Amino acid sequence: MKDEKHQRTYVEGLRDQTEQYAQNLLRENEKLRALAVAVETENVRLQEEVASAREISDEGRALRDRLETAVREKTQLLTRVDELTAELTGLRSDRAHVVEQLAGIERESRGIAEQYQTAMRQNASLANLYVSSYMLHSSLDRAEVLSGMAQIIINIVGSEDYAVLEREGEGLRVAKASGGNAATLQRAENGSGPIGALAREARVRVFETGAGADGLTAFIPLAIGDYVTGAIAIFSLLPHKPALTEADGEIFEMLSAHAATALYCASLHQQYGREVSPWASTIHP
Amino acid sequence: MRKKILCVDDSNVVLLMEKLILAKANYELITAGTGREAVEIAKREKPDLILLDIVMPVMDGFEACRHLRADETTRNIPIIMVTTRSEAPNVEQGYLIGCNEYVTKPIDSIELLSKVKNYLGESV
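Chains H and Y, in that order, give the protein sequences.
Note that the working numbering numbers the first sequence so that position 53 is 53, with each residue one more than the last.
Heads up: take any position in the second sequence, counting from 1, add 285, and you land on the working numbering.
The following block holds chain H by itself, in its conformation from the complex (with noise of 0.2 Å):
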């Protein structure tokens, strides 16, 4: 009875023991279970930052990459600009080298057309001195003479007020005229007055427009050698003749010698030309 009941107490213990022991296993379970729970919360928090520092590490890699490649870039670059920088340089020297050709070609340009409007003028001139020769000697005819002698003042000189004198005695004889110089002319033909002066001097004077006495431009003397035969006075210009020029002046020397034999000739194949050959009857009978 007394092993029965000690049986009993033993396996009640024991049945305590393992009551106790399970809740403990329970307890110790429950914990784990939230360890597990906490461990599980705790990778996964890790995997995210792994996976967050990996994608950091990526782009920290792209970045290096990108750095590197700009460094390359930026040396190329700078490679670049110094080639340009040279090109720069003889591309300036070359447009310095240019810009002066073309300042020579310019200046030469300016050269040749100096020289073309030189020549042009010179060919106007000679045209002139060719023109009033022709005219001068191109007649027998005194009044055509005459008139050919106004023309070139008219035409080439520029001025239509002028008078055409010839000798007369100690004066000068009016042979045609223009403009209204009457009270000059009259002095003229007494060989007194400023033309009757300039006459004495015989040579060709040529004054500022109108500045010259009794209003004078120029006087050229008609004149065989030392001879004067008569006189050409030129008064005023045309309105939109300023002044004479140099080629004026040429034709001035040159009336002076040819008009006063131009007009000797026709005086004398006025007075004396059927006498002097048949045919010279037959130019201007």
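In case anyone wonders, no lab produced these hints; they're calculated from the structure.
Treat the hints loosely; a few may be bogus.
Simulated coverage check for chain H against chain Y, where a stretch passes if three residues somewhere in it have a Cβ under 8 Å from a Cβ of chain Y [unchecked claim]:
no., stretch
1, 71-77
2, 115-125
3, 145-155
4, 231-243
Keeping only pairs whose Cα atoms sit at most 27 Å apart, straight-line, the calculated BS3-like set for lysine-lysine is [what the hints assert, rightly or not]:
no., chain 1, residue 1, chain 2, residue 2
5, H, LYS241, Y, LYS309
6, H, LYS241, Y, LYS289
7, Y, LYS328, H, LYS241
8, H, LYS241, Y, LYS331
None of the values given here were measured: they were computed from a predicted structure.
Note that CB positions come from ideal geometry on N, CA and C, so glycine has one too.
Keeping the supplied structure of chain H fixed, place chain Y upon it in accordance with the hints.
Showing chain Y alone in chain H's frame:
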């Protein structure tokens, strides 16, 4: 084909000058000594351009210009006045009756050539 120019002037000096200046440019030149003659020749020859003096006997340049502008066959021929009368009223009258341009005497060869070429459509 050579361009034909009619030079009209009662002065042989001017006609000779115009011939010397224009001959260099290889134009065919015909001449007239009065306005009336100019009108007749222009109708017959139909020049490409007329250089017209103003003060002339028989018919002056203004009258000749009026006749040329009134005629169907000569109406469109360019006319350049060549005149010693450069005063504004004379030039204005020339333009009013139909002249296209004017040059003054004494003739400046560069000016004349330049204006002739301009009206003939040639490079100056």
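Hint numbers contradicted by this structure: 1, 6, 7 and 8
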